[in-house]
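*Asks:* Modelling step: build the complete structure from the supplied sequences, incorporating the hints.
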Amino acid sequence: MKPAIKLRDEIISGETTARAAVESALDGAEKLNDTLNAFLEIDREGALNRADVIDVEIRSQSGAVGEKSISAMPLAGVPIAIKDNICVRGMQTSCGSRILGPYKPPYNATAIERLLASGAVIIGKTNCDEFAMGSSNENSAFGPVKNPWDIARVPGGSSGGSAAAVAAGIVPVALGSDTGGSVRQPASLCGVIGVKPTYGRVSRYGLVAFGSSLDQIGVFARQASDAAAVLQIIAGRDQLDATTADVPVPDYGAELSDDVKGLRLGVSRALLGQGLNDEVRDAVEKAIEVYRDLGVEIVDIDLPHAKYAIAVYYIIATAEASSNLARYDGVRYGFRAEEAPALREMYRKTRDEGFGPEVKRRIMLGTYVLSAGYYDAYYLKAQKVRSLIKQDFAQAFAKCDAIATPTAPTPAFVFGEKVDDPLAMYLNDVFTVTANLAGVPGISVPCGLSSEALPIGLQLLGPNWSEALLLRLTHAYQSRNPLRARPRVHA
Amino acid sequence: MPITEADIEKVAQLAHLEMTAEERHVFAPQMAEIVAYVEQLNEIDTSAIEPALGGLTPEGERTESSRADEVLPSLGQKLALDQAPDPAAGHFRVPKVLA
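Chain order of the listed sequences is A and B. Take the first sequence: its letters are residues 818 to 1308, numbered as in our numbering. Take the second sequence: its letters are residues 3 to 101, numbered as in our numbering.
Derived by calculation from the structure, the hints in this document are not laboratory data. Hints are supplied without guarantee of correctness; some may be wrong.
[As the list claims (entries may be wrong)] DSSO-like, lysine-lysine: derived pairs with alpha carbons at most 27 Å apart: (1) A/K1166 / B/K12; (2) A/K1166 / B/K98; (3) A/K921 / B/K12; (4) B/K98 / B/K12; (5) A/K1201 / A/K1235; (6) A/K1166 / A/K1103; (7) A/K1124 / A/K1235; (8) A/K1201 / A/K1124; (9) A/K1201 / A/K1078.
*Replies:* Take a look at the structure:
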């Protein structure tokens, strides 16, 4: 599958059609789904109808084809996949859970409204860890997604289906959500770009809530220019999400360049120390050298409270989740357990049968840390350390323009390896959760392959609203050192 | 802090979750391990630190989030009830509330 922007240009110029592009994506999705399990729903009929509408619209603009069509429909005919926790009217939204039953949202998320208006065509909903809780996709109620580089290995999580769909070349771009690394970590494990925007950059309206103070919708792509094009569409203030900020959205595409000379990249030596896989460390250090060659100044920085981030995260995220997931009660929509004669029993049976073990574990943890007598010791303490993590970033960004870290401590691991050890699984997120706690943006960029031909990701973190700068750094890196290898499974 | 199976049952009640004996048996040590891990935060003196409030950036905090109080279209009764497991006469029907 060609890059989104190239596809759009060819569709608008008449070299190809939206129908042909969308059909090819649908064929790839259907052909590979037995192997990858990346899609929970593929909407062939709806996507082709939509593609036809776009083709008619483009042809009807006789004489005005070109610039005008591009500005009117910057993603004209581009096939896109959407994580199954983002509401698309008329399609399922399961969140990888049984508790939502056959739920079909009667409205579109704001990000979806904007994508549809830009001419993008949604081909399907992608598999994910249940309610976005997980780092391996093994928590999906519908079976895990497989990593296209090695189907014996996890694709990462929770947005594993979107990452795999882009890595396998089924679609050029996809949406996921990132609460503690759920876009960046699977991007790293699948060898694609994953963007987690600043908190408040993209509307969360229609994104099923997990940790409301941490959640952001993010973008998967294989090229920085495609990630920029999609972020351009979905970013910005939205009346329907009071936490979106009134901050101008720059022209991300126009700000892409290979000129990164003079920028300062912060590196924390402590984060490249213990517990990190040797091949990951080597790849990240080589990537930092690539930036040095490009004229970037490498500066030492310290994030002294980063080592506490997992502890803080698993208090705050579970506390928010226990509250957000209280809404699944079998009353208004979704699944309801049968044979419960009284209300309270119905709630308990519905939630017992509807939720999987990891979701229950997190609801339990969140309920525990918020319960009477424990609130100050856990939740309040965690919010105070969160302030210290924010301060760490503010101090670091006084010395540098962006920070480079690994995205994940290891390449993709094999299925089952960590499934019985929740704490070991949580430690996958050690490099990514800080950005969600602080609210800052982050991007994972493929920076090489391990000896077993598994992708490794470099994480770039920047100050609030620095997505354009991070995309520029991504673009410059990829121009110099593109990942040319393709996964074993691809469309 | 040790977490007993009785603690698990109490939290499960609060969270409206049913727990089998087997689940209690698996969850108790797992939760105890995670809680012990998060207790490393006690190493940090936070007596002079203000807690973070949510995830907002300074720009987000300054953003005027109220809007004009205008009536906008809503889902309507039919669509709102459309996916209820047990709708009845324009309402959501639930099992007996008082036992």
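*Asks:* Run through the hints listed earlier and report the numbers of any the structure violates, in increasing order.
*Replies:* 3, 5, 6 and 9
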